[in-house]
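K.L.:
Going down the list, the protein sequences come from chains A and B. Under the numbering used here, residues 119 to 426 are what the first sequence spells out, in order. Under the numbering used here, residues 119 to 426 are what the second sequence spells out, in order.
No lab work stands behind these hints: they were computed from the structure. Glycine included, every Cβ here is placed at the ideal spot set by N, Cα and C.
Rough simulated footprint, nothing fancy, chain A against chain B, three-plus residues with beta-carbon under 8 Å:
no.: 1; segment: 261-274
no.: 2; segment: 279-292
no.: 3; segment: 359-365
Number of protein chains: 2
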Amino acid sequence: MNHYIALDIGGTQMRGACYPENSLSPVKVERIATRGGSTSLLERLIQLIQSIWPDQGHVGAIGAAVPGPVDPYQGVIIKAPNIPEWLEMPLSQYLEDQFHVPVHLGNDANMAAMGEWKYGAGKGHHHLVYITVSTGIGGGVILDDRLLLGVRGMGGELGHVTVVPDGALCGCGQRGHLETVAAGPGIARWTQEQLQAGAQSSLPTDHPLTAKEVSLAAQKGDSLAIAALARAGRYLGWALADYLHIFNPSVIVIGGGVSQSGALLFEPMKLALHERVMHQDYTKGLQIARAELGDDVGLMGALALAQS
Amino acid sequence: MNHYIALDIGGTQMRGACYPENSLSPVKVERIATRGGSTSLLERLIQLIQSIWPDQGHVGAIGAAVPGPVDPYQGVIIKAPNIPEWLEMPLSQYLEDQFHVPVHLGNDANMAAMGEWKYGAGKGHHHLVYITVSTGIGGGVILDDRLLLGVRGMGGELGHVTVVPDGALCGCGQRGHLETVAAGPGIARWTQEQLQAGAQSSLPTDHPLTAKEVSLAAQKGDSLAIAALARAGRYLGWALADYLHIFNPSVIVIGGGVSQSGALLFEPMKLALHERVMHQDYTKGLQIARAELGDDVGLMGALALAQS
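Could you build all of it, start to finish, from the sequences and the hints given here?
P.N.:
Structure, rendered in structure tokens:
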């Protein structure tokens with residue numbers, strides 16, 4: 119029987135699973151720390167793959183989700199911020215030499231988009247916009263059943279569009295991107311600024327805030343925290359209206375830690391989106407859904423990639 | 119021999135041309151006023167097609183560029199601002215009933231993108247962003263040799279993204295879109311506002327300005343007019359940097375009347391783009407080109423569509 123191997127490579131841990139063809143029930147699953155002992159990262163990854171290799175049948179392909187920009191055509195990790203050892207790393211070639219099966223790489227946000235499209239909240243749709251909001255904002259777009267990649271595979275960076283031309287510094291080095299106002303650190307920073315400017319709040323002033331603290335305070339009714347989530351939601355909604363005009367998808371899937379803030383983020387977001395869309399045909403039948411696959415999204419995307 | 123018929127339908131005139139397969143030299147070309155006499159628009163269009171029908175051989179398909187949103191899957195003109203008679207008009211069906219060949223529709227900006235990609239400044243590229251700047255801003259995107267359409271064919275609206283959240287009213291009814299700051303009327307409006315606020319300029323104050331007047335004054339060295347074009351160019355450059363992150367194209371093609379302002383628009387635009395791009399890999403090998411096909415762009419795009 120044919121199998122596919124899916125890998126989710128992170129800065130802290132690496133996960134692998136082996137799936138029989140046409141099945142979402144893996145025959146083997148393994149999870150190891152990315153670093154440890156005296157073995158190199160690549161050796162550890164090879165051991166992980168060996169440990170989940172099927173006892174019978176053969177492997178059709180390996181798919182891997184990688185935390186950072188990759189060249190999906192060459193199978194090269196360009197730069198993974200959490201795995202600095204792997205700069206311009208031709209991972210597909212290394213693994214193909216070792217295992218003699220095709221190896222496909224994708225960045226984690228693109229793989230999450232594929233996972234949600236094939237197996238999660240976007241199942242059955244042909245045009246999907248996925249956006250993940252946590253410490254950064256990542257994106258992935260499916261158009262006509264194909265992942266948007268672009269000439270070097272660097273497309274789909276939906277968090278890196280200018281929303282405040284002279285705004286705060288972004289994780290990418292640029293200024294005023296959506297990520298700076300709607301991701302976790304941006305939410306925390308704005309709240310902190312309001313506190314320092316004398317805003318009333320139950321939030322502590324003795325240490326730098328996190329977005330999680332803001333979210334918890336908002337759930338308990340703190341008005342400053344509620345305003346902070348609403349502001350982030352509004353910026354997200356405006357950007358999503360732009361993405362409706364650009365991509366005309368039938369579903370928007372939203373994942374990432376910040377999206378767990380729930381209605382206090384989602385309601386202002388939806389309101390802003392509907393307010394800003396230029397024609398109701400863009401929202402006719404549109405679904406706006408939360409990501410469904412949770413921690414498995416990278417693995418499921420890597421599986422979809424392996425099978426593609 | 120097989121032929122293809124291309125139509126460029128505008129509010130003022132309709133053009134048609136009949137091309138032999140694998141040729142860009144039409145065997146027949148015709149141009150008529152969109153309205154006139156006692157015949158309906160549809161009758162006039164049918165007569166136009168009859169007048170360019172090949173004497174020998176058969177027609178493989180008809181492609182038509184239409185000035186407004188269309189449903190390319192159903193072949194329906196949703197709404198053409200300059201042809202209000204054709205609201206929710208199933209043009210493909212009408213023409214297929216009449217001529218018994220497949221008829222494909224596309225909106226004019228998308229068709230211009232296809233024309234420039236197949237026969238113009240974007241020839242040989244697989245990932246193209248086309249933007250046309252005149253009284254409005256339209257767009258079209260080719261990804262992996264396919265036109266971006268979306269679920270209802272309404273994608274690719276690159277002029278309708280928010281760049282000034284509380285900005286001026288856009289032609290689409292929304293606020294603060296790129297079109298409001300970088301298209302002709304936005305350039306004229308900003309210049310007029312500066313004049314009224316007392317800015318020094320050679321421009322007249324006795325009538326509402328046009329973008330063309332601003333452009334001509336800029337060519338002659340008027341500093342306010344130069345600043346107006348530079349401002350529009352800067353906004354365009356920022357938006358194009360966003361589009362590099364979103365689409366990762368290998369070529370950007372810029373068309374439309376405003377783009378004829380030349381270096382005074384293009385240089386600030388390129389500067390802003392390079393300043394705002396988050397990683398040099400996005401601009402490595404990137405071509406930024408002016409549209410090449412001029413008035414023929416609609417026809418050439420319709421031809422590309424007919425052949426697709």
